[in-house]
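Residue numbers (this note's numbering), protein chains in the order written: chain A, 4 to 291; chain B, 441 to 852; chain C, 86 to 390.
Keep in mind the hints are simulated off the structure, nothing from the lab.
From the three backbone atoms N, C-alpha and C, an ideal C-beta is built for every residue, glycine too.
Just to be clear, a hint being listed does not mean it is correct.
On the chain C side, residues computed to face chain A include the following (Cβ under 8 Å) [stated by the list, open to error]: (1) F130; (2) A132; (3) I204; (4) G229; (5) L369.
Cβ pair distances, simulated, as ranges [to be verified]: (6) A:F32 x C:A256: 17 to 23 Å; (7) A:A22 x B:A842: 38 to 44 Å; (8) B:R668 x C:I178: 54 to 60 Å; (9) A:A25 x C:A289: 25 to 31 Å; (10) A:A22 x B:R668: 48 to 54 Å; (11) A:K117 x C:V174: 48 to 54 Å; (12) C:I178 x B:K582: 53 to 59 Å.
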Amino acid sequence: MTTDIKLARRRRKFRGNLAFHAFGIGAAFFFLAPFIWTGLASLRSGTEAQSPPLPPWPTNGISFDTYAVLDTFGSGVWQHTINSAVVALGTVVLTVIVSLLAGYGFSRYRFPFKNVCFVLIIATLMIPFQSILTPLFIILAKLGLNNSLVGLMLVYVTLQLPFSVFMMRNAFDAVPREIEEAARIDGARDLKLLVRVLLPLVMPGVATVAIFAFLNSWNEFLAALILLSDNDKYTLPVLMTAVRAGRLGAINWGAVQAGVMVMTLPCLVVFLVLQRYYMRGLMAGAVK
Amino acid sequence: MLKRLLGAASVATLCLVSSASAQETINMWVRTGIGKAFTSLAEAYNASHENQIALTEVPFAELVQKYATAIAGGQAPDALSLDLIYTPAFAAAGQLQDLTDWAKGLDYFDSLSPSHVALGTYEDKVYGLPLLVETSVLAWNKGLYREAGLDPEKAPTSWAEVETNAEAIRALGGDNYGFYFSGGACGGCMIFTFTPLVWASGVDILSEDGKTATLDTPQMRAAVAAYRSMVEKDLVPESSATDNGVNFLSFTNGKIGHQSLGAFAIGTLVNDYPDIDFGVTLIPGIEGGTSSFAGGDNIVVTKDTPRLAAVEEFIEFAYSPEGQKILAQNGSLPTRSDIAAEVLAGLDPRLQVAVDAIAVAKTPYTLLFNDLINSANGPWATFTNAAIYGDDVDGAFANAQAEMQSIIDNAP
Amino acid sequence: MTSSALALAKSRTSRRLRTGQWQGLLYIAPAMALVIVFFLIPVLFTAWMSLHNWPLLGEPAWIGLGNYTRMLGDKRFFSALGFTAYYTVITTIAIFVIAFPLAMFVEQQRRGVAIYRTIFFLPVVVGLATASLLWVWLANVDSGLFGPAIRMLGLSEKKVNLLANFDSAFATIVVMVVWKIVGFTMIILLTGLQSIPAELTEAARIDGARRWQRFRYLTLPLMRRTIALALILSVTGSVLAFDQFYIMTSGGPQNRMISVVYFIFNQSFVSFQLGYGSALSIVLLGILVLLSVVQLKLLRVGDEK
Chain A
4 MTTDIKLARR RRKFRGNLAF HAFGIGAAFF FLAPFIWTGL ASLRSGTEAQ SPPLPPWPTN
64 GISFDTYAVL DTFGSGVWQH TINSAVVALG TVVLTVIVSL LAGYGFSRYR FPFKNVCFVL
124 IIATLMIPFQ SILTPLFIIL AKLGLNNSLV GLMLVYVTLQ LPFSVFMMRN AFDAVPREIE
184 EAARIDGARD LKLLVRVLLP LVMPGVATVA IFAFLNSWNE FLAALILLSD NDKYTLPVLM
244 TAVRAGRLGA INWGAVQAGV MVMTLPCLVV FLVLQRYYMR GLMAGAVK
Chain B
441 MLKRLLGAAS VATLCLVSSA SAQETINMWV RTGIGKAFTS LAEAYNASHE NQIALTEVPF
501 AELVQKYATA IAGGQAPDAL SLDLIYTPAF AAAGQLQDLT DWAKGLDYFD SLSPSHVALG
561 TYEDKVYGLP LLVETSVLAW NKGLYREAGL DPEKAPTSWA EVETNAEAIR ALGGDNYGFY
621 FSGGACGGCM IFTFTPLVWA SGVDILSEDG KTATLDTPQM RAAVAAYRSM VEKDLVPESS
681 ATDNGVNFLS FTNGKIGHQS LGAFAIGTLV NDYPDIDFGV TLIPGIEGGT SSFAGGDNIV
741 VTKDTPRLAA VEEFIEFAYS PEGQKILAQN GSLPTRSDIA AEVLAGLDPR LQVAVDAIAV
801 AKTPYTLLFN DLINSANGPW ATFTNAAIYG DDVDGAFANA QAEMQSIIDN AP
Chain C
86 MTSSALALAK SRTSRRLRTG QWQGLLYIAP AMALVIVFFL IPVLFTAWMS LHNWPLLGEP
146 AWIGLGNYTR MLGDKRFFSA LGFTAYYTVI TTIAIFVIAF PLAMFVEQQR RGVAIYRTIF
206 FLPVVVGLAT ASLLWVWLAN VDSGLFGPAI RMLGLSEKKV NLLANFDSAF ATIVVMVVWK
266 IVGFTMIILL TGLQSIPAEL TEAARIDGAR RWQRFRYLTL PLMRRTIALA LILSVTGSVL
326 AFDQFYIMTS GGPQNRMISV VYFIFNQSFV SFQLGYGSAL SIVLLGILVL LSVVQLKLLR
386 VGDEK
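Excised from the complex, chain A in its bound form:
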């Protein structure tokens, strides 16, 4: 009698697990398949790359032809990757510093027009930035920052601010004030307090802000295309517009696959390495 119940329970549990993983694997396939398909397809040889990816894997030997073709666009893949990396890392560092300070300011201090300032920062999210590109270009030119990676970085940092400041304010809100009071009594003040005592406590938030800054600046194409005007300074997404435009009246799908991989892999790596902090940061930030 009891063994029957146990057996039934175990069977039910097994069936539950089966349903759980069946659903999980099915959904995971949907999310992973496009990556797998492109990744494998990009390893096919030149002529094969133009045919449908059925099957996606290379049938006559792995080849890096598609990447070689990609390298013939613009000033070569490496140059553009380096540009992208410089812009993305610069954006990450600046975004973290600026939003760390602002988040702390908004969380801990009271000052006039605080709400106006906060709303203004958040409002940046609401304008189609495509429509302010021309004024942006003119302002950058006035500052002597046009056609420079630094200018592009500053624009990206601004576009990142609404999300980042929001995140960091919530992260600081979640830190009990007592910790600060204790540190103050120990003689820590201002920036020292912020960096030594509080920074470690808001690390998940920082990681989240950093990841998003990286992803968005790495992937943005329209501002990069308009604000830069030197082959050597173009970032990877601009290279991709050239690939998309095709050459000699034909789009090279192999180069598209290779380009998508080059664009995607760093994002996946950054995310997978930092995801532990990141998920925690995002969760902490969103509940508030």
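Starting from the known structure of chain A, fit chains B and C onto it as the hints suggest.
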């Protein structure tokens, strides 16, 4: 050599700050997707001259926007190779350098490609000069003709004949198709390859003064019907319906029986696809006759550039027999008719067909080219897709006619 | 309060407040500087441009509210608005319908759940432009995956060009966007789910509430703020949609996928009418602010303070 010295001297006087011997770097932009003619020319120039060209390739879809933004920010290149149909609009906006006096001083000014000079001229001043010249012609694949039992040397002379031959080629089965065009709302492709069908009858989509849209004509209806019929008979690859121009040269895959294309493509086919055996002929009109679109690029100079003399030196190089030869090898037709025969000697004879097309070729002149014709979301591009692929031909005509007229009427 | 009492209260805290004020402003100064230089000034400039007939090239001319009145009679603008609304509604529903079950799925305490969560989130890290390019390849009629696969499975005699007609092209884009975005919404919803105390759900279960009832009367109301955040982010993103239409269909077939931002882009950079484009941007900004306020009101987010 003397010319070079003169060039250097005038450069030096223009740039008082730089020392007399300083070489100049000319910043130039060129759109992607027009073949290698211009880049090869720039390379040859850099190899043989002290002044250097720094070339930036800009994706063709974003070139106009980028150039305009750059001008607004005071950061425009010294010169650029501009699709000639944009020259009137840019000149009208007062952003281009007036080249009239210098250009008219060239011995061979009168033999420069007339449609380019016409489009480069705004209110009797010359703002753009021909750089790259191409015309549209109809190409057929001789290999497929042979396989389908057709006479490979007999060029089709009417659209009925194109359709019959296309059916024979489609009957080969597999991925062999009879005809191709970029039907996915590629206004630029279709004005280049499709309007010659009606131009041959002396009909146009805009009135002479550009103030009235005259899209809905019996000739245009007949031309649309011819293309529709080929689509309905499955003679055209499915990809055509969404090709916004990036696959314009599908002919290069060797499985297309006929396609209207440009002289640049002849260069590309000859140099990069030697396996494809093809012939070219003038595009037949829908009611007989032939026509063509004279297209290509004008070179324009940004107003008040300090490197004007250097740019002029480059233009003269482009017009020299050596420069003309380099351009022609890459499919850009001779800009100077006085030395055309000399330039074409020894080159692929099929280029001669494209040169002959100049005689019957047209180019629309309108300040609204981008709005009306070229934009993927403009009335012409939308029309070509809706009329040929849509279900409602009458509606497509009515909508496009109305929208073209409204754009013309609302133009500032 | 009388003014003297106010002054008294002020003077007591003035010293601390004043230094506090300065410090607070100092901390947010870099952020404010960036926002002012690269957002506020460009927006004000855009507003200024919207009062002009401002060609992309050439001299601008003051026309007052001309651009705004022109908008009222512009059929193409309204069809762009209509399409954007349609797209926003469809994608938002699609995203929520899929994100909710996924969030509940990854909320379970089971082995392997963290891996699933990571996988569902992966497409979020890809840029929208890159994702569009990837899917435009997958949807390509000759070299892609879907069309040839459909033909290979014998579902269609002819080659299938998914992007050639509105319905299948729109469906492709919606699937792409769901693939790309849903992981993000899932995580936000997950945080909301996790903030609901387990005892509450347990109590409801003991009271005999069925699964749907628990979801409807317990989970949903308690997640109001989270849903509001997810909703605003999703709606804002959809209203500003541009890349996917620009890259995947060029606004076609037959111009039926012109979103508002696409229309603004075309007006500014294809028709060279920056002034009109600016006026449209200002109106769009207004619409978005309004939408956000309405959503916050509807979900009564302010109430629970």
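A quick look at each hint next to the structure:
no., hint, verdict
1, F130, "holds (4 Å)"
2, A132, "violated (10 Å)"
3, I204, "holds (4 Å)"
4, G229, "holds (6 Å)"
5, L369, "holds (6 Å)"
6, A:F32 x C:A256: 17 to 23 Å, "holds (19 Å)"
7, A:A22 x B:A842: 38 to 44 Å, "violated (58 Å)"
8, B:R668 x C:I178: 54 to 60 Å, "violated (38 Å)"
9, A:A25 x C:A289: 25 to 31 Å, "holds (28 Å)"
10, A:A22 x B:R668: 48 to 54 Å, "holds (52 Å)"
11, A:K117 x C:V174: 48 to 54 Å, "violated (36 Å)"
12, C:I178 x B:K582: 53 to 59 Å, "holds (55 Å)"
Of the numbered hints listed earlier, those contradicted by the structure are 2, 7, 8, 11.
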